[in-house]
Amino acid sequence: MVGGGEYAEMGDVNDYELSHYVREALKSAVSGDTDEYDQIIGNMHHNLRLVPDEVAMLETILRGLSGAISHIDVVHHRSLLSSISTMSLWNYGPDVMDALVELVVALASSSGKYVDLCLDMLVSNFIPPYNFLEILKQPRGLAKKDQVLSRVHYALKRVADLVPLAPSRLEQIGRERVPNVFAKEAQIVVYVENMLMLESGDMGELVGNTMIFELVNRLIDLDMEIGWDEVLQDDTTNKGIFEMELEDMARPVDETEMDMDEPQREYTGRKVLWSNVAAQKLDTLMLLTFDHLQAAYKNGRLLQVFEALLQSFQSTVLNVYKSKFAQFVMFYACSLDPEDCGMQFVSRLLEIFSSTVYPQDWRMSAVAYLASYLSRAKFLSDLYVTIRLESIVDWCYQYSENQSGEINPKNYRVFYAGCQAIMYVLCFRLRSIMDTPLLKSKLSIMPLEQIFKHGLNPLEVCLPSIVEEFLHQAKVACLFRVSGTFAFHDLLESDLSRAFGGFERLDMFFPFDPYLLKKSDSYIRPNFMYWKMVRNSSYDEEDDDDYEEGVSDEDEDNHHVVSNGSGPMKFEDDDDDELDMKLNEMSITPRDSFMYGNDKRKKMQMPSRIRPSTSPESL
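If you use our numbering, the sequence shown corresponds to residues 2 to 620, in order.
It is worth saying that the hints were derived from the structure and are not from the lab. Misleading hints may appear alongside valid ones.
In the DSS-like style, the derived pairs of lysine-lysine whose C-alpha atoms are separated by at most 30 Å in a straight line are [stated by the list, open to error]: (1) K138 - K114; (2) K520 - K441; (3) K533 - K379; (4) K146 - K299; (5) K323 - K476; (6) K114 - K299; (7) K146 - K520; (8) K28 - K114; (9) K158 - K114; (10) K185 - K145; (11) K519 - K533; (12) K158 - K299; (13) K145 - K158; (14) K323 - K158; (15) K533 - K520; (16) K323 - K520; (17) K520 - K138; (18) K441 - K185; (19) K299 - K379; (20) K454 - K411; (21) K299 - K411; (22) K441 - K476; (23) K533 - K476; (24) K146 - K185; (25) K379 - K185; (26) K520 - K299; (27) K323 - K379; (28) K520 - K476; (29) K379 - K520; (30) K519 - K138; (31) K520 - K185; (32) K379 - K146; (33) K299 - K145.
Listed next, with one range per pair, are the computed distances between beta-carbon atoms [stated by the list, open to error]: (34) G142 - V182: 16 to 26 Å; (35) N412 - T317: 26 to 36 Å; (36) V278 - S125: 22 to 32 Å; (37) K28 - T317: 20 to 30 Å; (38) E135 - L304: 13 to 23 Å; (39) E226 - S125: 47 to 57 Å; (40) T437 - T357: 27 to 37 Å.
Virtual Cβ for every residue (Gly too), placed ideally from N, Cα, C.
Start from the sequences and build out the full structure, keeping to the hints where you can.
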C-alpha cells in the first residue's frame with residue numbers, strides 16, 4: 002500500500018505526471034516488475050471507511066488510469082480489469098464515483114474487447130450491496146440511490162453513443178443479470194426500476210422492448226410461484242363460479258386480520274395472500290409496472306410501450322394457463338387507452354381465435370381472454386362489447402354450419418371454447434345490452450339459438466355453472482328458451498367440460514378473475530366489473546319477476562328468437578341500415594369511463610381466493 006506521505010505527493014501531481022506514473026506502472030507490470038502496479042490494485046480494493054487522503058488517492062488513481070487506457074493489456078493486467086469490474090459505485094462519494102464512471106466509459110470505448118466487462122460492471126451497479134438494502138427507503142438511502150443510478154445511466158448512454166454494438170450487448174447482459182424469484186424483494190425491485198428507467202430513457206428506442214419482455218417474464222415467474230392451494234379454499238368442488246365470487250366479496254377487510262398469525266387466519270376459514278412472499282414481490286412489481294404505464298400514458302408513450310407488451314403477451318403470457326395476476330398489465334394498459342390499446346388487444350385476440358394457423362390451445366386461450374376482458378372491463382361501452390361479441394358469434398355459427406356431428410368435446414374444443422365465451426360475456430352484459438333498444442335488436446338477430454341448439458350441443462359440454470346462469474338470464478330476457486331440463490345443481494365442472502378443457506383445463510380459464518394483490522389492487526378495482534355489481538343490478542328475484550312480467554305476449558312474439566335452420570335469425574320490423582347507422586353514431590367508450598388507480602380509497606376486501614381459472618393440479 003502507498004504510505005501517507007505518498008498520498009500527498011500523488012495528490013499534488015498534474016494530469017500529465019499522473020498519467021505518466023500510471024503508464025510506467027502498467028509497463029513495468031508487463032516486464033515483470035509489479036511493485037507499483039500492485040500498489041495501484043491495492044488502493045482500488047480499499048473501499049471501507051476511507052479517510053480523506055485515501056479518497057483523494059483513489060480518485061487520483063482512477064483518473065490516471067483513464068489517461069493511460071491505451072497501455073492496459075487484457076493479458077498482463079487481468080487483476081486490474083477484475084478490480085475495475087467489481088468496484089461498486091455505492092461504496093464511494095461523488096468524486097470517486099465520477100472518476101470511476103469516466104474510467105469505465107473510456108475503457109469501453111477504447112476497444113471492443115472491454116465492452117462486455119464495462120457494461121456488466123455498470124449493470125451490476127443496478128443493485129446495491131446488502132448493507133444498503135435496508136436503507137433504500139430512508140432519506141439517505143434514496144439520496145444515495147439517486148447519486149448512483151443517475152451516473153450509471155449516464156455512463157450506459159455514453160457507452161452506447163460511442164460503441165454502436167453496445168445496446169445489443171446491454172440487452173443480453175440486462176437479461177442475464179435479472180435477479181431470480183428467490184432474491185430479496187429490494188433487489189428485484191431496484192433492478193426492475195432500472196429496467197424501466199432504460200425503457201423510458203434516452204436508450205428506450207434501442208433496448209426498451211427487451212426490458213418490457215424481461216419484466217413480463219419476471220412477473221410470470223413470480224406468478225407461477227404462487228400455488229393454487231394458496232389461492233383456493235377447499236370447498237370449491239360443489240359451487241359454481243359466480244357463487245364463489247359472491248362469497249369472496251361478502252365482507253369488508255377487518256383491519257385486525259392484517260396482523261393475524263397463521264393459526265388465527267386458518268380459523269377464519271380464509272386463505273389470504275398477504276403472507277405469501279412471492280405474492281408480496283409480485284404485488285410490488287405490479288405496482289411499479291402500473292405506475293410506469295400511467296406515466297407512459299401521461300407522456301404520450303403508452304402506444305409505444307403497449308406494442309412491446311402485446312408482443313410479450315402473445316409469446317409468453319397467452320400460453321401460461323396458470324397465470325393468475327401478471328396478465329393484468331394488459332388489462333390496466335387497455336383501461337388507460339381503450340380506443341387504441343384496447344382495440345389492438347381485442348383485434349389480436351380475435352385474430353388468434355379465428356385463425357387455424359395457431360394451435361388449438363392458443364385459440365382457446367385467446368377467446369377466454371377475450372371473453373374475460375369484455376365481461377370485466379367496466380370502461381367498455383355496451384355497444385363495443387356487443388360488436389365484439391358478434392364476431393365470436395359469427396365464427397361459432399359459421400363453424401357449426403359446417404359440422405353435422407354430435408357431441409365430441411375433444412374434436413371441437415375451439416368451438417366449445419367460443420360458445421362458452423359467448424355465454425360468459427352475456428352473463429355479465431345481457432341485462433345492460435337488453436336495456437338499450439338498438440343493442441337489443443342487434444343481439445336478437447344474432448344466431449344464438451342455432452348455435453346452442455346445434456347437434457354439437459354446447460349447452461351440455463360447457464361449464465355447468467356458466468350454462469345455468471346464461472340460460473336463466475336468457476329466459477328472463479326472452480332471448481330464447483330451451484326444451485328439457487339441465488340438472489346442474491351448482492356444479493363447478495362436468496366430465497364433458499373437463500374433456501373439452503383438456504390437460505390445461507381451459508374450460509375453467511377466465512384470466513381476468515378478481516385481482517387479489519392488495520397494494521396494486523387500487524389500479525384495477527375502479528376499472529373492474531365484479532359479479533356482485535351484475536347481480537345487484539339484474540339478478541334479484543323480484544327484479545327478475547318484474548322483468549318477465551313487463552314483457553307482453555306481443556313483445557315476446559316480436560322478440561323471441563326462432564331458428565329457421567338456414568341462417569341468422571331476423572325480424573320483419575328490423576331496418577338493418579338504420580340500425581347500423583345509429584350504432585355507428587354511438588361512442589365506443591362510455592363517458593367518464595376512466596377512473597385512475599391513484600385515487601385514495603377506503604380499504605376494501607381482498608378476496609381470499611378466486612375460483613380456479615385453471616384447475617389445480619389436484620383436480
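Hints, verified against the model:
Annotation: proposed proximity of K138 to K114 is violated, straight-line Cα distance about 38 Å (limit 30 Å). With a CA separation close to 39 Å, the supplied pair K520 and K441 exceeds the 30 Å bound. For the given pair, K533 sits about 13 Å from K379 by alpha-carbon distance, which is consistent with the 30 Å threshold. A threshold of 30 Å between alpha carbons decides the hint, and for K146 with K299 the separation of about 25 Å falls inside it, so the pair holds.
Between K323 and K476, the direct Cα distance comes to roughly 34 Å. Violation of the 30 Å bound is thereby established for this hinted pair. Pair hint K114 plus K299 does not hold up; C-alpha atoms about 41 Å apart against a cutoff of 30 Å. Restraint check: the Cα-Cα separation between K146 and K520 comes to about 23 Å, which is no more than 30 Å; the hinted pair holds. For the hint linking K28 to K114, the alpha-carbon distance of about 20 Å falls within 30 Å, and the restraint holds.
Pair hint K158 plus K114 holds up; C-alpha atoms about 18 Å apart against a cutoff of 30 Å. Restraint check for K185 and K145: satisfied, since their Cα atoms lie roughly 19 Å apart, inside the 30 Å limit. A threshold of 30 Å between alpha carbons decides the hint, and for K519 with K533 the separation of about 19 Å falls inside it, so the pair holds. Pair hint K158 plus K299 holds up; C-alpha atoms about 24 Å apart against a cutoff of 30 Å.
Between the alpha carbons of K145 and K158 the distance comes to roughly 20 Å, so the proposed pair stays at or under 30 Å and holds. Taking the CA atoms of K323 and K158, the gap is about 39 Å. The hint is violated against a cut of 30 Å. At most 30 Å may separate the alpha-carbon atoms for a hinted pair to count; K533 and K520 meet this at roughly 22 Å. Restraint check: the Cα-Cα separation between K323 and K520 comes to about 22 Å, which is no more than 30 Å; the hinted pair holds.
With a CA separation close to 17 Å, the supplied pair K520 and K138 stays within the 30 Å bound. For the hint pairing K441 with K185, the CA-to-CA distance comes to about 54 Å; that exceeds 30 Å, so the pair is violated. Distance restraint check for K299 and K379: the Cα-Cα separation of roughly 21 Å lies within the 30 Å cut-off, and the hinted pair is therefore satisfied. For the proposed pair K454 and K411, the alpha carbon gap of about 19 Å is at most 30 Å, so the pair holds.
Restraint check for K299 and K411: the C-alpha separation of about 47 Å exceeds 30 Å, so the hint is violated. With a CA separation close to 14 Å, the supplied pair K441 and K476 stays within the 30 Å bound. For a cut-off of 30 Å, the pair hint linking K533 to K476 stands: about 20 Å separates their Cα positions. Distance restraint check for K146 and K185: the Cα-Cα separation of roughly 17 Å lies within the 30 Å cut-off, and the hinted pair is therefore satisfied.
Straight-line distance between C-alpha atoms of K379 and K185 comes to about 36 Å, which puts the hinted pair past the 30 Å bound. At roughly 22 Å between alpha-carbon atoms, K520 and K299 fall within 30 Å of each other, so this suggested pair holds. With a CA separation close to 24 Å, the supplied pair K323 and K379 stays within the 30 Å bound. Proximity of K520 to K476 is assessed by CA-CA distance (about 41 Å); at most 30 Å being required, the pair is judged violated.
As the CA atoms of K379 and K520 are separated by approximately 20 Å, the hinted pair is consistent with the 30 Å bound. For the suggested pair K519 and K138, the alpha carbons sit about 20 Å apart, so the restraint of at most 30 Å is met. Distance restraint check for K520 and K185: the Cα-Cα separation of roughly 18 Å lies within the 30 Å cut-off, and the hinted pair is therefore satisfied. As the CA atoms of K379 and K146 are separated by approximately 39 Å, the hinted pair breaks the 30 Å bound.
Taken as a hint, the K299 and K145 pair is honoured in the structure, with Cα atoms around 28 Å apart against an allowance of 30 Å. With their beta carbons about 24 Å apart, G142 and V182 fall inside the hinted range of 16 to 26 Å. A beta carbon spacing of about 29 Å between N412 and T317 agrees with the range 26 to 36 Å that was offered as a hint. Look at V278 against S125: about 24 Å separates their beta carbons, and that is inside 22 to 32 Å.
At about 52 Å, the CB distance of K28 to T317 disagrees with the hint of 20 to 30 Å. Between E135 and L304 the beta carbons are some 39 Å apart, a value that contradicts the proposed interval 13 to 23 Å. At about 25 Å, the CB distance of E226 to S125 disagrees with the hint of 47 to 57 Å. Checking the proposed 27 to 37 Å range against T437 and T357 shows it holds: the Cβ atoms sit about 35 Å from each other.
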